[in-house]
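Asks: These are the residues of each chain, in order.
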Amino acid sequence: MTPHQIIFFIIIPMAGGICTILAHRQRKLQRFLGIGFLLANIVTAAAGLCAVAPTGSILVSQMGNWPAPFGISLVLDTLSALMLMMSSIVCLAVFLYCVFQFDDDQQGGFFHPLFHLLILGVQWSFLTGDFFNLFVAFEIMLMASYAMFCVGTTTLQMKHAYKYVLLNLVGSILFVTCAGLLYGQLGTLNMADITRIAMSGQLPDSSVPVIAMLVLVFGGKTAIFPLWFWLPDTYHTLPGAIGGLFAGLLTKVGAYVMIRVFVMIFGSAESITSIVSPLLLGSAAVTMFLGVLGAVSMHSVRRILSIHIISQVGYMLMGIGLAIAAGIAFDSRVMAVAGAIFFIMHNMVVKCCLFLCGGLMHEHAGSDNLQAIGGLLKRAPWLAVLFMIAAMSLAGLPPLSGFFGKWVLLVAGLQSEHYVIVIIAVITSLFTLLSMLKIWSYGFWSPPQGDHVEHPTVRPRTFGGMAGITLLVVMALSMGFGAQHYYQLCETAAKSVVDPTAYVQAVLGEQHTPIKQLSLVETSLEP
Amino acid sequence: MTQATWILMAAIVAPLFCGLLTLIIPRKAITLRLIIALAGPITALWLLGYFTRTYGIGFETADIAWMPTLQLNLALNADHLGMFFAYLVSGIGVCIVLYARGYFGRDADSLYRFYPCLMMFMTAMLGVALSDNYMLLMLFWEMTSVSSFLLIGWNYNDSQAVRNAMQAFVVTAGGGLCMLAGLIFLGVHTGEWTITGLDAAGVANTTPVLVCFLLIFMGAATKSAQMPFQFWLPGAMAAPTPVSAYLHSATMVKAGVFIVGRFWPILAAVLPIWPMLIIPLGAMTMVYGAFVAIQKTDLKQIFAYTTVSQLGLLMTMYGLSAFEYQGEPNLIWDVTQILNHALYKAPLFILAGAIGHVATRELPDLKGFFYRDRTAKILTIFLLLAGYGLAAGPFTLSFTAKEMFFYQIYHAYAETHSLWFWPLIAAGIATGMFNVAIFIRLATTLLAKPDPQTDQAHDDHGHSSHGEHEHETGIWATLLWVPGAFIVSFQYICGIIPHAYETLFGWLESSPYYFDHFPMTWHAHLGIPLYMSLIAMTLGIALGFSGLLRKTFKDPCDGLYVQFYETITKDLGPTTFGWVQRGHAGFYIGSIMVALVALFLWSIGGDVLGLRWPDGVELEPAKSLFPGYLLTALVCFAAILLPTVIDRASRVLVLGSCGFAVSGVYYLYKAPDLALTQLSIEIVSLILFLLVLSLLPEQPFKRRAWVFPRMAIAVAVGAVMFWLTLTSTAVNRPTMPYRTAVGGNIEHLGHYFLRNAHHGMDTKHVNADSLYGGVVERPAHGEYAENQVMLHPGGGGNNVVNVILVDFRGFDTMGEITVLGLAVLGVWTLLKRRKKTGGFSDPSSYHDHKDIKDVNPADMESPPYHSINIPAPNGPDTENNVFANTTDRSLNS
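Protein chains in written order, with numbering that gives the first Met the number 0: chain A, 0 to 526; chain B, 0 to 892.
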């Protein structure tokens, strides 16, 4: 893959969106196009990953061919490539589910274009190297998600969509304000340029509150402690698959950006990390614990899962907070970031998979309220098996994917002697298990009740759903049994994030690395 | 020598492989299924035997790297203890596979489901026994918990079984997590991730090691059902009897004891807390288990509690082993003790299951069972033979083991002369007494003359308590008791012929020294331990025949898990989470705003008074900019007024006045384009708002709540924003290191934009090393291509703003257009939907919709979190928010 080809990550979903708008009356064509574009997406992501991961190199494309801090840069480093790889697989799985499980009403309208454009926003966020452009990417993603709330809606969904839109708008306003203020403070929006400024210790004192404000902006998108409100009130109203898509992608984009911003860009600035790290760690502790408490006390599959998202975000936050904690060794920082990245990847796959399982449970039993269903094991044994694997993976049982993410984070926490958060992480893990057992015990076990008992002859077709779930479970299993390989990728990504010299060099060019800045410039070129 | 490791790994994985193999053969092929299932443990046994013959026990196998970075490697430890466990697991496993065939009869579905789970457990347990690497150990450890969970909840139509399965899993997994934390901490602390390597790593009695030990011990204590966690084990008896016999008596519950055994040579030596913690806990569990056991009536419950008691004994044994006797380690034959328990407890369960199968498991209903028929006679005889083992009567291995335990106590006492051992001696005697009494009661009940009336009731019981399986007849039916009889025979062989024990099992004993002290029945050392045994037996016989302790007794710890679960899910969870998640949009936005202010205060270190007006920013004199002040005052006034206005239309107008004033400010500061844009947006939105408002129903008068807090938050947020904006404009920005093509500095982005908007001034005449002229492409593999510069022709426009929008940052613009397009799609979807279904709240259309199932009717009315008392979820209906009302009602009308 050559540097300029990374624009395919933008082109493919955008073309997907446009083509499906044009074909919006032909359902079948839409489906074919959709699968085609999503497969192309996966291929591109794989090509991108192969291009950057083995050597940890970085592909940069300057939009409009304007040089780095002046135009907009798209950057594909290992971190982005990993995120793109995972998100494209998750998208395909959800798409399979949607295409085969949804009725015409739910797939109707502009469902397909919205789906592709949502992916556009997500991939755009992963690629961009510019703050304001990130805002635009977020807006695409959010606007697509707002519109998706309107497809095949129920009244309940509409009611809660209002809160979703309102709170996310508040977040967007904060974001754009902060982007403006940051530009005011630093005179640039290019991430590499800001990294250069931070690494060379040129951050003005007055920029500290503005940068701290970014915790609020991205914390809101990631659904961390005092900002998560939009999530638990809304996700459970969505159909399982859409919930899975949102759960697998949206908050993870937030977590990704937090790594980018707080570890890579400002990770080297003592004045920032000393303020942000305690905030993140404190918030992580409350987020993971309170989230899991909420999840375990719910009674419907989707509610449990959606509130769980928050709790899992806490783990990612823990990794980020540890990575920038004071006095932590380079290796432990890399470990913490790698753990967070691994956890994000794991969570994208597994959380989405569980939502899809929840959707199929709903198809079988006619409800996903655990008090109204039961005994699905007999009706859908394979679904049960797949659910069990995903659930145990989420609960972090070895050798499944969740275990290793947790393991790395615990080791990083113990190495840096942050015992409190480690204790909370362990307790949270137990409650996570409890909540998963709750779904299993009252959904798949227990005396049978629900549609599948009342109408034993009516069998919903679940081929597409099972295909999607199987794809994700296979991914999750490979992340567990092949954790070594995934972790090494995460480590490569983490190294380039913890020490962003290469990133800065790649985007700005050789001579603007923070180490030899300014002094070399004097010798530069005459006409 | 990785070959040895692979052989052991093959032994570990063989059962699981066979278990999965049984899944692919047809359901009805019962015999084939049995044969394949049998192949699992038999292969494992054969491979273990091959390993023992070829390499010998204690052979140090080489590690195979699996995940070296993550410290998960195939490091195995085939020492005596590990190999003994492996043999035990696969040996008993063979018997259980056969017994399951007898137990489930021709119930093909059950067998189909049962063998894979059982085989998964077998693999897990073999893995626990042989792993050396911490993470590998954890892997198999959690796998035992999972398979135990699946097997306890076997009868999933029974909610009690399901609850018990959850209880067992949560308790053991909770301990497992502690153990994981402990092992990770130990690994991080010592840098050594294998148990055998720990010795060399040189642990000392430090706080971290102590914490690690306590955490690991938590795992062991929960798994081995030590007080106060013993309740999960009797609960686990909801599992089919083969499972109870295998997991919950013979093997899995010993894993905790096993872990303690794994760590004792290393940790008992350095940690003085070792005996002080383990002995009292074990002794308490030992006595308490036996005490509860005698008061139970269900056969499986009785045996479950005696298992608890025996596990306590094993723990105590490891605690006592920390003491020395005459310069040698205290008498510890852990293998004998553990083996002995397996050899009588597994048969007890097997036969109890068999009796329950043909009659009932309730002891009072089994009166005179012996006289029922031929099968009953056989079952009773073998049950009593195994029960005699439980009572540790002479001529059994159990007697030897009990003697050994007494010797241990006695030795420890003789060495230390500490008074603390007197209660322990009493506990040992009491446990022995209870066990004897249990045997006496079993015998007297089963052999008593039957009551003619109750005879009929038996068969019904048998069926109701056991679900419907087809009963087997003929040769297969004998599988119900033959495995048990086979296992129990070893009790007597080893008990009567000491030499046989040495031949059969002696080579597995981990501490072979001291063998001459072996207190076999035939040459029992006269001494205090023997007298203790005699006292226990006498008291036990007396108790057994007496009427004492015949009432059923409920273990108060039984409620612990339920209490925990209810507290978390019904009390703590909903209250705390519900307190945050109130379902009220106003609260949410308020919290975010408060967070914003708090964040600002945190970032400046709370030093509000220390904020200084930035240098270089001067206020304009009031005279020259009076209109500006006036407009600003207007904006502020309108904004503050907003929360107090109640009428919707007025609020829209107030909001509008804010916007108009802002556009005035733009105009004053010489930004007419912005002013125009703002103005047109204000006009359009105002009109739209008012139009929508006219469609809404009358608004009832309602006083706004929380006006002043709202105002305070708003003012604080405004102040913060003001300050940030002020400092952002006044700041000394970092200098840009970028230079123009002619050598001057590019001072800021605008500078560059101005220079290059029309034609690329900074792109011409630059040599290849420069950056500004174009893009230095970085080839994929990290080398820099030299001189690869692409010249940029410039923006080609005269209006710099336009060029920024469509060229410099044209990519942003593309994104924004996409956003607009998406908004159109969303609105279109909404409108189309409304047309199609005629509104959102039309009940008929609503019910047509498939997603009706999504909505629990209770959900619609009540708060989203069941069983929580929190304010209603929806801002819109309860609160007076402009947007809320418009969105909600306009859609309905």
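Hints are not guaranteed to be accurate.
To give an idea of the chain B side of the interface with chain A (calculated C-beta under 8 Å), a few residues [as the list claims (entries may be wrong)]: (1) M165; (2) F184; (3) F552; (4) L571; (5) V799; (6) I803.
It is worth saying that the hints were derived from the structure and are not from the lab.
Glycine included, every Cβ here is placed at the ideal spot set by N, Cα and C.
Asks: Taking the hints in turn, state whether each one holds.
Replies: Structure-based check of each hint:
The closest approach between the C-beta of B:M165 and any C-beta of chain A is roughly 5 Å, which is under the 8 Å cut-off, so the hint is satisfied. With its C-beta approaching chain A no nearer than about 6 Å, B:F184 sits inside the 8 Å limit, and its interface hint holds. The criterion of a C-beta within 8 Å of any C-beta in chain A is not met by B:F552, whose closest approach is roughly 28 Å, and the hint is violated. For B:L571, the suggested interface contact is upheld, since its CB lies about 6 Å from the closest CB of chain A, less than 8 Å.
Checking B:V799 against chain A by beta carbon gives a least distance of about 13 Å; that is not within 8 Å, so the hint is violated. At about 10 Å, the closest approach between the beta carbon of B:I803 and any beta carbon in chain A exceeds 8 Å, and the interface hint on this residue is violated.
The earlier numbered hints that this structure contradicts are 3, 5 and 6.
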